[in-house]
Amino acid sequence: MTGERRLPSWLKMQRASGESYTMVKRLVEDNHLHTICTSGNCPNIGECWNAGTATLMILGDICTRSCKFCGTRSGKPLPPDPGEPERVARAVKTMKLKHCVITSVDRDDLPDGGAAHWAATVRRIREVNPAVTIETLVPDFRGNFRDIDMVIAAGPDVISHNIETVRRLTPVIRSVAKYEVSLAVLRHIAARGVRAKSGLMLGLGESREEVIEALNDLYATGCRIVTIGQYLAPGLAHIPVAEYITPEKFDDYRRKGLGIGFEFVESSPLVRSSYHAEKHVAPGAGLLNNRTDARGKEDRNLTVRDSDKEGESGIESAEAGSEPKNHSDSDRPAMVIYDDLGWRDYKDTWDYQERFFNAKVAEKGEKKGDQDRTPDRLIFVEHNHVYTLGKSGSDQNLLLDFIQLKARDVSFYRIDRGGDITYHGPGQLVGYPIFDLEVMKIGLREYIHLLEEAIIRCIARYGITGGRLKGATGVWLDPEDGTRARKICAIGVRASRYVTMHGFALNVNTDLSYFDHINPCGFTDKGVTSIEKETGNKASMDDVKSDMRNTMREVFGYDYY
Numbered sequence: 001m002t003g004e005r006r007l008p009s010w011l012k013m014q015r016a017s018g019e020s021y022t023m024v025k026r027l028v029e030d031n032h033l034h035t036i037c038t039s040g041n042c043p044n045i046g047e048c049w050n051a052g053t054a055t056l057m058i059l060g061d062i063c064t065r066s067c068k069f070c071g072t073r074s075g076k077p078l079p080p081d082p083g084e085p086e087r088v089a090r091a092v093k094t095m096k097l098k099h100c101v102i103t104s105v106d107r108d109d110l111p112d113g114g115a116a117h118w119a120a121t122v123r124r125i126r127e128v129n130p131a132v133t134i135e136t137l138v139p140d141f142r143g144n145f146r147d148i149d150m151v152i153a154a155g156p157d158v159i160s161h162n163i164e165t166v167r168r169l170t171p172v173i174r175s176v177a178k179y180e181v182s183l184a185v186l187r188h189i190a191a192r193g194v195r196a197k198s199g200l201m202l203g204l205g206e207s208r209e210e211v212i213e214a215l216n217d218l219y220a221t222g223c224r225i226v227t228i229g230q231y232l233a234p235g236l237a238h239i240p241v242a243e244y245i246t247p248e249k250f251d252d253y254r255r256k257g258l259g260i261g262f263e264f265v266e267s268s269p270l271v272r273s274s275y276h277a278e279k280h281v282a283p284g285a286g287l288l289n290n291r292t293d294a295r296g297k298e299d300r301n302l303t304v305r306d307s308d309k310e311g312e313s314g315i316e317s318a319e320a321g322s323e324p325k326n327h328s329d330s331d332r333p334a335m336v337i338y339d340d341l342g343w344r345d346y347k348d349t350w351d352y353q354e355r356f357f358n359a360k361v362a363e364k365g366e367k368k369g370d371q372d373r374t375p376d377r378l379i380f381v382e383h384n385h386v387y388t389l390g391k392s393g394s395d396q397n398l399l400l401d402f403i404q405l406k407a408r409d410v411s412f413y414r415i416d417r418g419g420d421i422t423y424h425g426p427g428q429l430v431g432y433p434i435f436d437l438e439v440m441k442i443g444l445r446e447y448i449h450l451l452e453e454a455i456i457r458c459i460a461r462y463g464i465t466g467g468r469l470k471g472a473t474g475v476w477l478d479p480e481d482g483t484r485a486r487k488i489c490a491i492g493v494r495a496s497r498y499v500t501m502h503g504f505a506l507n508v509n510t511d512l513s514y515f516d517h518i519n520p521c522g523f524t525d526k527g528v529t530s531i532e533k534e535t536g537n538k539a540s541m542d543d544v545k546s547d548m549r550n551t552m553r554e555v556f557g558y559d560y561y
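Residue numbering for the sequence shown follows the working numbering, beginning at 1 and increasing consecutively.
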């Protein structure tokens with residue numbers, strides 16, 4: 001019978017034994033903990049437990065759902081155990097973990113789906129183990145974003161939610177969950193600036209085209225980490241295996257995923273959601289390690305709207321800025337000219353970038369080969385003292401009159417980008433990407449997000465943790481703390497026919513007193529900062545340029561000429 005088919009040779013697993021295995025087993029039992037390793041009959045239990053790692057499962061071991069692929073018991077669960085967060089945190093400490101993965105059963109019986117218990121567990125792990133990194137493998141919370149936000153607010157490093165299978169098979173194997181709800185959950189997680197991860201099983205009867213469609217759907221949400229493994233029926237009562245996928249096919253999906261643009265693709269028969277999870281915390285590590293597999297770039301699977309209207313920057317104005325598109329193996333890597341102008345007058349630079357911008361926009365209606373088109377360009381520059389006011393900005397956010405501006409030798413320009421007022425000057429790295437988003441296959445909304453990501457990665461090399469402030473563009477420090485939130489990099493972009501100009505302004509060794517004469521980006525209650533102020537050291541502008549040049553390439557996946 002299908003359910004009793006002999007396993008192929010590539011599905012042989014390590015025997016569950018050894019000193020470390022015994023230690024983990026005893027620790028789990030003594031602390032009355034649950035693991036998905038045992039509840040889900042994970043094939044990697046021998047390897048992982050012998051390595052001294054385990055995926056801990058909270059909120060009991062009885063699930064309120066009865067998915068046809070899952071080995072976890074279904075039924076009426078017990079109330080949440082208020083002592084569980086403490087026991088889990090102590091277990092992580094006893095096991096001396098540097099990275100831990102927490103998951104749970106579905107708790108549709110609870111008003112918040114168990115979100116408060118989730119948040120309490122993550123916070124307690126962090127309090128007891130300050131240096132540990134945390135991945136949470138969460139249920140869908142029935143698509144309730146308020147519940148998901150409770151988990152996000154607790155501060156896990158990675159949040160994973162599995163789509164499990166392709167769109168067509170979802171109602172067949174998942175009892176309550178819906179494909180589109182899972183995508184919406186991942187989209188919400190990524191939009192909040194958290195690293196989003198997902199996974200799916202193969203061997204349930206899906207086609208190659210359906211798998212690639214699922215990968216494209218995942219990528220379009222902002223998810224950048226995906227795991228792909230072989231479905232193995234936990235028992236005869238579960239849906240039987242339709243096919244054992246060969247290692248060669250798994251490797252094909254791995255290469256396909258990297259080509260689409262995922263940073264990490266764990267794809268082999270025995271891969272499960274938390275397999276090698278410790279590698280998925282640092283942004284971009286997988287992308288760098290796998291760059292040769294992805295043909296030296298990230299191919300993007302998104303395109304922008306079919307519209308010739310100009311759009312301003314800002315997440316709100318670009319909310320509908322992209323639609324998913326299947327990736328083609330014939331796509332070529334985007335190529336960019338790196339153009340370091342050194343020190344240059346603001347108006348001269350504006351004219352300089354507009355020349356390339358206008359040329360690229362004009363070419364949109366012409367039939368030209370790639371070799372005849374104006375190349376994409378990344379311009380780096382430092383400016384003289386200048387205040388710039390975007391199209392949607394208010395004059396009231398400039399706190400100086402014309403005479404005071406002249407006395408301080410500061411210029412002032414109304415410009416054609418989005419956003420409000422900002423300052424440029426010596427010690428600030430200004431970047432003007434003149435990119436064709438259609439060629440890169442990204443929408444304006446994702447473009448803003450990727451700019452922020454590149455800056456976050458750059459400042460991380462100086463020990464600074466950047467983030468995003470809800471409702472605003474740019475990169476902020478302590479964005480969740482209303483009294484301490486401060487901006488280190490402003491972003492303002494103009495886009496026409498999928499071509500961008502203007503860009504970002506990163507404070508390196510900037511004289512921050514010039515911000516005292518404006519309400520930066522329209523905020524009256526937020527501060528500004530710089531790399532120098534945060535680190536206490538004067539940073540080398542050349543080093544910051546080099547780091548920013550590299551993180552732009554990593555994040556956008558292009559190559560330089």
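The hints are simulated quantities; they were obtained by calculation from the structure and are not laboratory data.
All values reported here derive from a predicted model rather than from experimental measurement.
Watch out, some of these pointers could steer you wrong.
Straight-line C-alpha distance at most 30 Å; calculated DSS-like pairs for lysine-lysine [said to hold, decoys possible]:
hint, residue 1, residue 2
1, Lys68, Lys98
2, Lys347, Lys533
3, Lys347, Lys68
4, Lys406, Lys538
5, Lys178, Lys533
6, Lys533, Lys470
7, Lys538, Lys347
8, Lys364, Lys347
9, Lys406, Lys249
10, Lys347, Lys526
11, Lys96, Lys279
12, Lys526, Lys538
13, Lys526, Lys470
14, Lys279, Lys98
15, Lys178, Lys279
16, Lys279, Lys76
17, Lys76, Lys178
18, Lys545, Lys533
19, Lys470, Lys364
20, Lys68, Lys178
21, Lys406, Lys347
22, Lys406, Lys364
23, Lys249, Lys178
24, Lys279, Lys406
Between beta-carbon pairs, the in silico distance windows are [stated by the list, open to error]:
hint, residue 1, residue 2, range
25, Ala460, Asp252, 15 to 23 Å
26, Asp252, Arg344, 42 to 50 Å
27, Trp10, Gly143, 53 to 61 Å
28, Arg484, Pro171, 40 to 48 Å
29, Asp543, Pro82, 44 to 52 Å
30, Tyr462, Tyr560, 48 to 56 Å
31, Trp10, Arg208, 16 to 24 Å
32, Ser540, Asp109, 40 to 48 Å
33, Arg484, Asp252, 47 to 55 Å
34, Arg167, Arg344, 30 to 38 Å
35, Asp478, Ile337, 30 to 38 Å
36, Glu438, Pro79, 38 to 46 Å
37, Pro240, Asp109, 28 to 36 Å
38, Arg123, Trp10, 21 to 29 Å
We put the CB at the ideal spot given by N, CA and C, even for glycine.
Verification of the hints:
1. Between Lys68 and Lys98 the alpha-carbon distance is near 34 Å, which puts this suggested pair outside the 30 Å criterion.
2. The straight-line distance between the Cα atoms of Lys347 and Lys533 is roughly 28 Å, inside the 30 Å bound, and the hint therefore holds.
3. Between Lys347 and Lys68, the direct Cα distance comes to roughly 64 Å. Violation of the 30 Å bound is thereby established for this hinted pair.
4. Between Lys406 and Lys538 the CA atoms are separated by roughly 28 Å; this keeps the pair inside 30 Å, and the hint holds.
5. At most 30 Å may separate the alpha-carbon atoms for a hinted pair to count; Lys178 and Lys533 exceed this at roughly 48 Å.
6. For the given pair, Lys533 sits about 24 Å from Lys470 by alpha-carbon distance, which is consistent with the 30 Å threshold.
7. Between Lys538 and Lys347 the CA atoms are separated by roughly 28 Å; this keeps the pair inside 30 Å, and the hint holds.
8. For a cut-off of 30 Å, the pair hint linking Lys364 to Lys347 stands: about 26 Å separates their Cα positions.
9. For the proposed pair Lys406 and Lys249, the alpha carbon gap of about 67 Å is over 30 Å, so the pair is violated.
10. The suggested pairing of Lys347 with Lys526 holds, with an alpha-carbon distance near 28 Å, which does not exceed 30 Å.
11. About 17 Å separates the Cα atoms of Lys96 and Lys279, which keeps this hinted pair within 30 Å; it holds.
12. Among the hinted pairs, Lys526 with Lys538 is consistent with the structure: their alpha-carbon atoms are about 23 Å apart, no more than 30 Å.
13. The straight-line distance between the Cα atoms of Lys526 and Lys470 is roughly 13 Å, inside the 30 Å bound, and the hint therefore holds.
14. A hinted pair counts as satisfied when its Cα atoms are at most 30 Å apart, and Lys279 with Lys98 qualifies at roughly 11 Å.
15. At roughly 29 Å between alpha-carbon atoms, Lys178 and Lys279 fall within 30 Å of each other, so this suggested pair holds.
16. In summary, the hint linking Lys279 to Lys76 is not supported, as the alpha carbons are separated by about 36 Å, beyond the 30 Å threshold.
17. For the hint linking Lys76 to Lys178, the alpha-carbon distance of about 22 Å falls within 30 Å, and the restraint holds.
18. The suggested pairing of Lys545 with Lys533 holds, with an alpha-carbon distance near 18 Å, which does not exceed 30 Å.
19. In summary, the hint linking Lys470 to Lys364 is not supported, as the alpha carbons are separated by about 34 Å, beyond the 30 Å threshold.
20. Note on Lys68 and Lys178: the hinted pairing holds, with a Cα-Cα distance of about 14 Å set against a maximum of 30 Å.
21. Proposed proximity of Lys406 and Lys347 is supported: the alpha carbons are some 16 Å apart, at most 30 Å.
22. Note on Lys406 and Lys364: the hinted pairing is violated, with a Cα-Cα distance of about 41 Å set against a maximum of 30 Å.
23. Taking the CA atoms of Lys249 and Lys178, the gap is near 27 Å; set against the 30 Å cutoff, the hint holds.
24. Between the alpha carbons of Lys279 and Lys406 the distance comes to roughly 54 Å, so the proposed pair goes past 30 Å and is violated.
25. Range check, Ala460 to Asp252: Cβ separation about 33 Å, and the 15 to 23 Å hint is violated.
26. Checked against the given bound of 42 to 50 Å, the beta carbons of Asp252 and Arg344, roughly 48 Å apart, stay inside it.
27. Restraint check, Trp10 to Gly143: a C-beta distance of roughly 37 Å breaks the suggested window 53 to 61 Å.
28. In this structure, Arg484 and Pro171 meet the distance hint of 40 to 48 Å, their C-beta atoms being roughly 47 Å apart.
29. Between Asp543 and Pro82 the C-beta distance comes to about 50 Å, which sits within the given range of 44 to 52 Å.
30. Distance hint check: the CB atoms of Tyr462 and Tyr560 are about 23 Å apart, inconsistent with the given range 48 to 56 Å.
31. Checking the proposed 16 to 24 Å range against Trp10 and Arg208 shows it holds: the Cβ atoms sit about 19 Å from each other.
32. In this structure the supplied range 40 to 48 Å is violated for Ser540 paired with Asp109, their Cβ-Cβ distance being about 57 Å.
33. Distance hint check for Arg484 and Asp252: the Cβ-Cβ separation is about 48 Å, which falls inside the suggested range of 47 to 55 Å.
34. For Arg167 and Arg344, the Cβ-Cβ distance of about 51 Å falls outside the hinted range of 30 to 38 Å, so the restraint is violated.
35. Our hint of 30 to 38 Å for Asp478 and Ile337 holds, since their Cβ atoms are close to 36 Å apart.
36. In this structure the supplied range 38 to 46 Å is violated for Glu438 paired with Pro79, their Cβ-Cβ distance being about 54 Å.
37. Distance hint check: the CB atoms of Pro240 and Asp109 are about 30 Å apart, consistent with the given range 28 to 36 Å.
38. Our hint of 21 to 29 Å for Arg123 and Trp10 is violated, since their Cβ atoms are close to 41 Å apart.
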